[in-house]
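Chains A and B, in that order, are what the protein sequence lines are. The first sequence begins at 1 in my numbering and counts up by one. The second sequence begins at 1 in my numbering and counts up by one.
Hints in this document: simulated from the structure, not taken from any laboratory. This structure is a prediction, so every number in the text was calculated from the model and none was measured. Don't take each hint at face value.
Claimed, not checked - Below, computed lysine to aspartate or glutamate pairings styled on EDC-like, alpha-carbon distance capped at 16 Å: (1) B:K40 with A:E220; (2) B:K55 with B:D43; (3) A:K64 with B:E60; (4) A:K149 with B:D11; (5) B:K40 with B:D73; (6) B:K75 with B:E49; (7) A:K2 with A:D18; (8) B:K10 with B:D32; (9) A:K27 with A:E151.
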Amino acid sequence: MKSSVIIFPGSNCDRDMDVALKKFGFKNQMVWHNDPEIPKSDLIVLPGGFSYGDYLRCGSIAAKSKIIKSVIDFANSGGLVIGICNGFQILIETGLLPGALLTNKYLKFICKNVFVKLNKDESKYFKNIKKNVLELHIAHNDGNYFCSKDEVKSLEDNNQIAVNYCGQNGEVTEQFNPNGSINNIAGIFNKNKNIIGMMPHPERMIDKCLSSNDGNFFFENLIQNLK
Amino acid sequence: MKVKVIVTLKDGVLDPQGKAIQQTLNGMSFSDIKQVRQGKYFDIEVNIEDEKKAKANVEEMCKKLLANLVIEDYKIL
Chain A
1 MKSSVIIFPG SNCDRDMDVA LKKFGFKNQM VWHNDPEIPK SDLIVLPGGF
51 SYGDYLRCGS IAAKSKIIKS VIDFANSGGL VIGICNGFQI LIETGLLPGA
101 LLTNKYLKFI CKNVFVKLNK DESKYFKNIK KNVLELHIAH NDGNYFCSKD
151 EVKSLEDNNQ IAVNYCGQNG EVTEQFNPNG SINNIAGIFN KNKNIIGMMP
201 HPERMIDKCL SSNDGNFFFE NLIQNLK
Chain B
1 MKVKVIVTLK DGVLDPQGKA IQQTLNGMSF SDIKQVRQGK YFDIEVNIED
51 EKKAKANVEE MCKKLLANLV IEDYKIL
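In isolation and in its complexed conformation, chain A is listed as follows (with noise of 0.2 Å):
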């Protein structure tokens, strides 16, 4: 299985990423957002960090960089792409995900371990794993997803909530809500669940003596699924 990390001016998730994709069995690349196009990749990842210096808005120049092309074509044709905090941020701005990332309501950047309810009922990216809930890391300032009221239920009708911030036990409610996005969004697919954009991080928590290991069955369960 092949993979592809882009690397952007200001990523800072991209090696996490290439270390943890690698420890599953991925055959991993690294490339430049400058580079013409994407080479042959069973799967796209957009890295965590501050592209492009977080400037305009996060992920607003990164979505008009030059490989950004190439990645929209491919999520076009089906093929797999992960945004991960400011890749999702980037995938909202490039309008393959919808809705908007706006500032955490108590305008706090997070730092912290959190638990999210996965929703495992059609994606590659969740289905067969046996946890409901994972434990895993959050490090943003601009992650409280926002959309209209119809978009929500859009969202709701199509399946397309990938997974929510809950408690340890799945609950879903507003107090483990850490920056106030609707109905605690962490992450969504868009319509055809072959791309996922979420804020947390399974990419930290793939070793135990690091920080948690919950990250480990997202990575072993894509590539499952992949081949």
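Since the structure of chain A is provided, determine the placement of chain B on it from the hints.
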């Protein structure tokens, strides 16, 4: 010519920065404030002298990059 653009959050979109500014102003004894909403201002110099054409050009920029129309409105001055 120069074209000026203001981008603001749409009504109903949470603006925590505006709120923090308002609270600070309140703390400075500016008590008669109903609401503060903050936004962005762009001063764009284009190589087009025809005002109508210049503004149409800037409008395209607003739609494609300067504003995120999901959450923001733009105004060309």
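Okay, the hints, checked on the actual structure:
1. A C-alpha spacing of about 44 Å is found between K40 (chain B) and E220 (chain A), which places the hinted pair above 16 Å, so the restraint is violated.
2. For the proposed pair K55 (chain B) and D43 (chain B), the alpha carbon gap of about 12 Å is at most 16 Å, so the pair holds.
3. For the given pair, K64 (chain A) sits about 14 Å from E60 (chain B) by alpha-carbon distance, which is consistent with the 16 Å threshold.
4. Of the pairs offered as hints, the one joining K149 (chain A) and D11 (chain B) holds, with about 14 Å between alpha carbons and a cut-off of 16 Å not exceeded.
5. For the proposed pair K40 (chain B) and D73 (chain B), the alpha carbon gap of about 11 Å is at most 16 Å, so the pair holds.
6. Distance check on the hinted pair: K75 (chain B) and E49 (chain B) sit about 20 Å apart at the alpha-carbon level, beyond 16 Å; violated.
7. Pair hint K2 (chain A) plus D18 (chain A) holds up; C-alpha atoms about 12 Å apart against a cutoff of 16 Å.
8. Between K10 (chain B) and D32 (chain B) the CA atoms are separated by roughly 23 Å; this puts the pair beyond 16 Å, and the hint is violated.
9. Between K27 (chain A) and E151 (chain A), the direct Cα distance comes to roughly 37 Å. Violation of the 16 Å bound is thereby established for this hinted pair.
Of the numbered hints listed earlier, those contradicted by the structure are 1, 6, 8, 9.
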